[in-house]
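Residue numbers (our numbering), protein chains in the order written: chain X, 1 to 507; chain B, 508 to 637.
No lab work stands behind these hints: they were computed from the structure.
Treat the hints with caution; some may be incorrect.
Heads up, simulated DSSO-like pairs for lysine-lysine below, C-alpha to C-alpha not over 27 Å straight-line [what the hints assert, rightly or not]: (1) B:539 with X:368; (2) X:367 with X:110; (3) X:367 with B:630; (4) B:539 with B:630; (5) B:630 with B:535.
Cβ pair distances, simulated, as ranges [claimed, not checked]: (6) B:592 with X:443: 19 to 29 Å; (7) X:435 with B:629: 23 to 33 Å; (8) B:534 with X:446: 39 to 49 Å.
Note that the structure is a prediction, hence the values are computed from the model and not measured.
Virtual Cβ for every residue (Gly too), placed ideally from N, Cα, C.
Residues per chain are reported as follows:
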Amino acid sequence: MSPVQNVPAFSILILMLCGILCLVLPRTASRRLADCAIALVAAGNIALLLYFLRGADAYIYSMGEIGAPFGNELRAGMLEAAVASLFSIITLLSLMGGRAHLRSDIGRQKVNLYYISTLFLLCSMLALVYTNDLFTAYVFVEINTITACGIVMSKEDGYTLAASMRYFIMSLVGSGLFLISICILYAVTGHLLMSNIQEGVAQLYAQGQYRAPLQVAIALMGVGLSLKSALWPFSSWLPDAHSSASASSSAMLSGLVLKSFIFLMVKIFYRVIGVGIMRSHAVLDLLLVFGILGMVMGSVNALFERDIKRLLAYSSIGQIGYIFCGIGLGTSAGVAAAMVQVAVHACTKAMLFCAAGGLMDASGGSKKFRDIEGAGRRDPYAGVAFIVGTLSMVGIPFFGGFITKLSLVQAAVTVGGWRNLLSILAIITSTILTAIYYINVLAIVFRAPETAPTKASEKLREEWKKQVRLDTEYEFAIILFIILNLTIGLQSDRLMQIITTGLSMFG
Amino acid sequence: MSIFLSNMPEYAAMILFGIGLSNLMLAKNLIKKIIGLNIMDTSVFLFLAAKGYVDNTIAPIVTVSDLGHIDSALYTNPVPAGLVLTGIVVSVSVTAVLLSIVVRLNEEFHTLDIDEIIRILRKRDREDLQ
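Build the full structure now, drawing on both the sequences and the hints.
See the structure below:
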């Protein structure tokens, strides 16, 4: 066994251990420890990805070397390694990009508590990516819920408290449905490990037994996980929670947390239930329809929004729709397109939220459109990041969003009937709407202040300009984000290759 | 009727799950919402415990005197009990976090009604705009 195969287990354990250590360390030390731990985990997962790229096959890692029916298992393949590296890199960049805000939003005394939440959040997301055991998945889903709410409410004003309460309640409904569905699957198959459940389910299907409980379990699983990953119409909690949180929290929540549940859903559909059974199941059609509605409704809501962070949150609902549209198509090309969108949206939206934090800094802390006028000139880094983000979201060639739309349309063309027409129409509508509201934002961000400024407003803007403290860490994070986005756009062949090979190892 | 009688705990669990879920979604009072959550979790534990229970068997603990004649049919399945324990731990910690948010919300808004809280926030938003 190659030593790099220990990476999945150790990255989860290291993050947990460092999270606990952050509780007792002073704040500077805990900040350094958190950064080092996340960087180490990112490096380890990239090494694992390279190991798979050299031609290794997916493998099962038994925790404590206890065998299949009793022990707990992790399963790693190329797709898992790629997603885990992406998650850890973006967590690190989001922390760096929003650091100045953490100081002002959370207060110096409590900052190490924030790092505990972040480390456990990343830990739970990696565990959801790697685990091969359904009940372990449930436990980490709950850890994910608690820590995600933790990083929202750490700002502790009225808005974030109310928003995190709504977020928490919706998440708990989702995890309750997920839990009961696991219990039903356990009751009919007698297993909790994913590969064993798949054997059991296939056998039951072949014999025609327990059809109704299996249908109920699949439906509950679908509803529960779409509640947590904000599929429209279950997304009413998202705009408040994502827009009121601190900049790096918003970046992580919108960029990563939603994706971790989507990844879990894909994993359950294809590894627990099995590809053959899922393709003939109505749940995929429902996901497709709601995904398409989400693509349009998220964009329509974003059109009327006059608050930069809420606009980005609504845009997330639209972009999540693309992912569900890809999954709902049911072909492996569709799932590959969904995975491309997971990667692209994670990079782009995290960058946009960090840049929005910068724009708010340059506008006296307000996120309203009338205040951020011309903020892109006061903070050029955020301005450039918004240009790159817009180009990617709209789908201009050489940027990530183009690859998503191209692969999604290619996947949609191959399926027949109403799915084909509906999804292509939705992609076109949503692209046009996205272009309208993002270009509107760009125009506002770069607009020169009004022609005849009053003395007061001019003075205010001068003051804001002085307040822009471009610390090197923020600049560095934004530059890295831009490079990451361009790399994804330019190296799209390699990304597609990783995803298709990963998906073939997945089932 | 006989199906109903032999599956009594499962029926009870599903009814309780429905009660808990609707309470969690529909109740306005935050404390009632949390009680709903607890009813929902407990119903899942009942379901699991009922699945693990087998008539006329004993706990799966092997003592020295048993070692000669171990018959797996004598013992109940220990896995559901383990799952219930894990679930209780999760449910307790989630309840604790929720209650702490409720305390903070009550300090901030002096009410436990979620609709009232949202109304106050909307009002603040409007005043902010003017």
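Do the hints match the structure? See the list:
no., hint, verdict
1, B:539 with X:368, "36 Å, violated"
2, X:367 with X:110, "24 Å, holds"
3, X:367 with B:630, "18 Å, holds"
4, B:539 with B:630, "25 Å, holds"
5, B:630 with B:535, "19 Å, holds"
6, B:592 with X:443: 19 to 29 Å, "57 Å, violated"
7, X:435 with B:629: 23 to 33 Å, "31 Å, holds"
8, B:534 with X:446: 39 to 49 Å, "47 Å, holds"
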